[in-house]
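Model the full structure from these sequences, guided by the hints.
Residue numbers (this note's numbering), protein chains in the order written: chain W, 1 to 498; chain R, 1 to 457; chain C, 1 to 129.
The hints are simulated quantities; they were obtained by calculation from the structure and are not laboratory data. Bear in mind that the values here come from a model prediction, so they are computed numbers and not experimental data. Do not take every clue at face value.
Unchecked claim - Straight line, CA to CA, 16 Å or less: simulated EDC-like cross-link-like pairs of lysine to aspartate or glutamate: (1) Lys87/C with Glu311/W; (2) Lys129/W with Glu41/R; (3) Lys322/W with Glu311/W.
Single-letter residue listing:
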Amino acid sequence: MSMNQTSNRTLHEKLIFEHSRPGRGARGQWPRAESPGAGVPQNLRRTQRALLPEVSELDVVRHFTRLSQLNFSIDTHFYPLGSCTMKYNPKACNAAALLPGFLGRHPLAPVRHGQGFLSCMFELQEMLKAVTGMRGVALSPLAGAHGEFAGVAMIRAYHRARADPARNEIIVPEAAHGTNPATATMCGCVAREVAVGSDGDVDLEALRAAVGPKTAGIMLTNPSTLGVFERRIEEVARIVHHAGGLLYYDGANLNAILGKVRPGDMGFDVIHMNLHKTFSTPHGGGGPGAGAVGVSARLLPFLPLPIVGRESDGSYRWLDQKDLPQSIGRLTGFGGNAGVLLRAYVYMRMLGREGMHRVGEFATLNANYLSVQLQKAGYEAAFPQRRASHEFILTLRRLAQQYGVTAMDVAKRLLDLGFHAPTTYFPLLISECLLIEPTESESKETLDAFVRAMAQILREAREDAEHLHRAPYTMPVRRLDDVRAAKELDLVYQRPAG
Amino acid sequence: MPFIPHTDDDVREMLAVIGVPSIETLFEEIPAGLRVQSLAEVPEGLSELEVMQLMTERAHADGRPKCFIGAGAYEHHIPAAVWSTVTRGEFYSAYTPYQAEASQGTLQTIYEYQTMMASLTGMQVSNASLYDGATAVAEASLMAVRANRRSKSARILLPRSLHPHYRDVTLASASNQGLKFEELPYDRATGQLAPGALSGLDGQDITALVIQQPNFLGVMEEVDALTDWAHAHGALVVAVVNPISLALLKPPGQWGAKGADIAVGDGQPLGCPLSSGGPYFGFMTTRMEHVRQMPGRIVGRTVDLDGRPGFTLTLQAREQHIRRAKATSNICTNQGLLMMAGTVYLSLMGAEGMERVAAASMARTEQLAQLLTAIGGVRRTFSHPVFHEIVLSLDRPVAAVLAALAERDIQGGLDLTEYYPELGNALLVCATETKSQLDIEAYARAMTEALRAVRAA
Amino acid sequence: MSNIPTDLKYARTHEWLRTLSDGNVEVGISDHAQAALGDLVFVQLPDVGRAVAAGDACAVVESVKAASDLYAPVAGHVVAINEALSKEPELINQDPYGRGWVMRLKPDGATAGLLSAADYQKVADESEG
Numbered sequence: 001m002s003m004n005q006t007s008n009r010t011l012h013e014k015l016i017f018e019h020s021r022p023g024r025g026a027r028g029q030w031p032r033a034e035s036p037g038a039g040v041p042q043n044l045r046r047t048q049r050a051l052l053p054e055v056s057e058l059d060v061v062r063h064f065t066r067l068s069q070l071n072f073s074i075d076t077h078f079y080p081l082g083s084c085t086m087k088y089n090p091k092a093c094n095a096a097a098l099l100p101g102f103l104g105r106h107p108l109a110p111v112r113h114g115q116g117f118l119s120c121m122f123e124l125q126e127m128l129k130a131v132t133g134m135r136g137v138a139l140s141p142l143a144g145a146h147g148e149f150a151g152v153a154m155i156r157a158y159h160r161a162r163a164d165p166a167r168n169e170i171i172v173p174e175a176a177h178g179t180n181p182a183t184a185t186m187c188g189c190v191a192r193e194v195a196v197g198s199d200g201d202v203d204l205e206a207l208r209a210a211v212g213p214k215t216a217g218i219m220l221t222n223p224s225t226l227g228v229f230e231r232r233i234e235e236v237a238r239i240v241h242h243a244g245g246l247l248y249y250d251g252a253n254l255n256a257i258l259g260k261v262r263p264g265d266m267g268f269d270v271i272h273m274n275l276h277k278t279f280s281t282p283h284g285g286g287g288p289g290a291g292a293v294g295v296s297a298r299l300l301p302f303l304p305l306p307i308v309g310r311e312s313d314g315s316y317r318w319l320d321q322k323d324l325p326q327s328i329g330r331l332t333g334f335g336g337n338a339g340v341l342l343r344a345y346v347y348m349r350m351l352g353r354e355g356m357h358r359v360g361e362f363a364t365l366n367a368n369y370l371s372v373q374l375q376k377a378g379y380e381a382a383f384p385q386r387r388a389s390h391e392f393i394l395t396l397r398r399l400a401q402q403y404g405v406t407a408m409d410v411a412k413r414l415l416d417l418g419f420h421a422p423t424t425y426f427p428l429l430i431s432e433c434l435l436i437e438p439t440e441s442e443s444k445e446t447l448d449a450f451v452r453a454m455a456q457i458l459r460e461a462r463e464d465a466e467h468l469h470r471a472p473y474t475m476p477v478r479r480l481d482d483v484r485a486a487k488e489l490d491l492v493y494q495r496p497a498g
Numbered sequence: 001m002p003f004i005p006h007t008d009d010d011v012r013e014m015l016a017v018i019g020v021p022s023i024e025t026l027f028e029e030i031p032a033g034l035r036v037q038s039l040a041e042v043p044e045g046l047s048e049l050e051v052m053q054l055m056t057e058r059a060h061a062d063g064r065p066k067c068f069i070g071a072g073a074y075e076h077h078i079p080a081a082v083w084s085t086v087t088r089g090e091f092y093s094a095y096t097p098y099q100a101e102a103s104q105g106t107l108q109t110i111y112e113y114q115t116m117m118a119s120l121t122g123m124q125v126s127n128a129s130l131y132d133g134a135t136a137v138a139e140a141s142l143m144a145v146r147a148n149r150r151s152k153s154a155r156i157l158l159p160r161s162l163h164p165h166y167r168d169v170t171l172a173s174a175s176n177q178g179l180k181f182e183e184l185p186y187d188r189a190t191g192q193l194a195p196g197a198l199s200g201l202d203g204q205d206i207t208a209l210v211i212q213q214p215n216f217l218g219v220m221e222e223v224d225a226l227t228d229w230a231h232a233h234g235a236l237v238v239a240v241v242n243p244i245s246l247a248l249l250k251p252p253g254q255w256g257a258k259g260a261d262i263a264v265g266d267g268q269p270l271g272c273p274l275s276s277g278g279p280y281f282g283f284m285t286t287r288m289e290h291v292r293q294m295p296g297r298i299v300g301r302t303v304d305l306d307g308r309p310g311f312t313l314t315l316q317a318r319e320q321h322i323r324r325a326k327a328t329s330n331i332c333t334n335q336g337l338l339m340m341a342g343t344v345y346l347s348l349m350g351a352e353g354m355e356r357v358a359a360a361s362m363a364r365t366e367q368l369a370q371l372l373t374a375i376g377g378v379r380r381t382f383s384h385p386v387f388h389e390i391v392l393s394l395d396r397p398v399a400a401v402l403a404a405l406a407e408r409d410i411q412g413g414l415d416l417t418e419y420y421p422e423l424g425n426a427l428l429v430c431a432t433e434t435k436s437q438l439d440i441e442a443y444a445r446a447m448t449e450a451l452r453a454v455r456a457a
Numbered sequence: 001m002s003n004i005p006t007d008l009k010y011a012r013t014h015e016w017l018r019t020l021s022d023g024n025v026e027v028g029i030s031d032h033a034q035a036a037l038g039d040l041v042f043v044q045l046p047d048v049g050r051a052v053a054a055g056d057a058c059a060v061v062e063s064v065k066a067a068s069d070l071y072a073p074v075a076g077h078v079v080a081i082n083e084a085l086s087k088e089p090e091l092i093n094q095d096p097y098g099r100g101w102v103m104r105l106k107p108d109g110a111t112a113g114l115l116s117a118a119d120y121q122k123v124a125d126e127s128e129g
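Written out as structure tokens, the structure reads:
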């Protein structure tokens, strides 16, 4: 595989507004002009048109096509972003979700006109229960963070229902993703951090000291954000349950254990899954995702609505407040990101039970292979004594000390070499870190090419660190001044005066 | 084995490099008792041929009835160029634009989107989208509490004529953070916020007034008077609006003397198919002075090392990955691809195209209302002008009428009986530019037959 | 090694306090804190007249990589704020103990519990790791 060193420096695309000409428009798309009938009362009428483009249809297609060419994407590049699970998005999933019967269906259409769609949703619920070992699943949360909110809200509702409202502390490992403490706050709880040991596992002594009568629960992911399996998870579960708290599983790293271990079996009471990670729905440049939640038996009554139920005659319908009076309520305008859910359903049907096992196996194989090869090339693993899960961390602190080269520099230089950078500076605990997750989609050739690129960067660090500080060189833009972006806020285009 | 490229030779070589005999060895740190034995409840895998046959059958089973339901999700013509562009792999399979140099396509599109939404709503800044209209109202309520520093009450006024799902989501999402929501009644005759509803609140500390325009009942509110009342009483105004309606209706930034403070809504009508309820996207715009209280991502324009213009995520210090427990929201992934579809849609339609869509939708709904109310037993519920949805009162239970219409392949509207029991047999009907004259006449005929059938039963 | 003037008092949370001749106190963030934050892009100042308890979060200093709360080192009420920071937040980076002052308080009571420069040096060193 060749490394892309050709320059994209000439690629530049004006703003769509700069293509506008008064009177131009994509007329083929407009309805015929007509009067709005009774019309809008005078005092409520819009008097000045909004700043919208006046361009032809070709202008629009050309503009956005050229913009797309400025992007990296899974379809074009290897994206070893830790914790993001950038695996291949199968085209069949998209084709199925765009079938007219699904695409044109109104969310409030009668269920008699939705049995095909509802059967897919019900079966998705069942399959997700099976692979996670949970007793109930709700599909409506619209992203992982939204699912987290649902999960913590259910924990709170559970304690209130037990007449134990004093429990408002959510324990969070120091290495946790930022959404975890943010979610705790959103649910009216207090986030309480607990230390992680040098081996990457939660410090059990610190945990024992942290639990008590105010503990609502603990938010964990396993494998953890440090890329290693929490070996004493059963003990963690015992400690927290014994203190009266519940266990929440952040499913961001589910790809590592899919088909190998189930969160329900580890003792978790509630989990959220990132369907746009583990189940391969597209990242879309920032969404849409889907954050389905799964629960153990004791949290079943609190699931967010709506969920799909099956009647005794085999037909499907939406369950509502009458069916689940203790539900934490409705969290979305309609039933969730249905199009995303259909894509996840098709993916799971194509994988089938054997395919699920393979995901965890090959994601882990790829990560361990890459970790060993990168260490052989001269990089330092943060936890060399541990097996990688589906991801692993390299620390560049020695590189930083010896040559002044940072994780940021390495990330930017990788772009020149045709690879999207790994996750940088997360988790916060490891200095100058790269969190690398290859996923099971990638071939050995791709991984080897990545190792060669990283080896090249190491050579450059030793020979010419300054060169790395100013990378990238071949992207459509060089490094951007983000201090200026935050100080001199330019957030909307202003039409030039006159 | 779909999507996994490894050959047996690959596996052998990789295991040798790692120095383990088998893939199973890589899982040795996991306690044996936790390992999954079998996933028997998951069906066997299907080939792409088999799964497409399955899905085609199921999609077909749901048919293609004519849809006259609105209620927050609206059927509009979506130009083919919208989804052919947006499903390009470079947009579809791209990640969140954290590495700005590799994401200028996404980032510039967001900047253009921000510009269009700010202008459409008459505000100064926009974020890069939220989950949907319902959660946007919840986020706006929380933002109003942060932004309204003079008010201490955290009391938010929600009209009863606000979309019931938006209200439910707002209560479920924001009550845990100490916000108190109070309902304002609507006038039974006009369908607007009752004039007397606010007068009882003089002298009280109100943090924000939420105004939906047009409201869930389709009716247009007196937004100027309401906005001025709120501001005179130290409350912020959260506007909940339909983006298509903004082609003809005064935008929130122009409401009252000072304009609304935060504008939100669902961007679904802008290029997002109905698709059984999602994905859509929520939008939020505001005044510059509140930009740091606004949740969600924001893109800014800046320059690179060579002085060339470029785009990057900015004001990230407010967000979860930095501010953690004190973040404005926990939102991370939003609805990027849909926001992009909205941007392409707005580019193709422009201001004039939008005006025509809005006008045609209003005209169709008016025509439909006239034909239906000419039938005995159907009358307009409210007297005040509507945008492109209208509530009709029937002299028979709505569920039975809708069932009879469904048999004639027509989804006649939303039954309001459970949402607004005080209205009796009430039906919310919507017709957009996608309904032809023939469709409307067909619906009127079907309604005549349906009522006859229900009366006979 | 950051600059820690010996004539000022400090809080564990990296604020400094200077007693003025009129009895009011002036508050800002230490050199160590501004270096950790990086280039400041925005400062959110409290309202003049606001009453604060010791430890209340009353201002926010924001850089590209972090937004940190500034906590009142003593109880009192805000009598003045440094308006110049609205246009030039970088004053805090350039001159954290001088032109980068954030607010002035009229203290309600004693200024007890604050650290000397030497003690704050230890705090700064700890958070260096």
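Violations among the numbered hints: Structure breaks hint 1 only.
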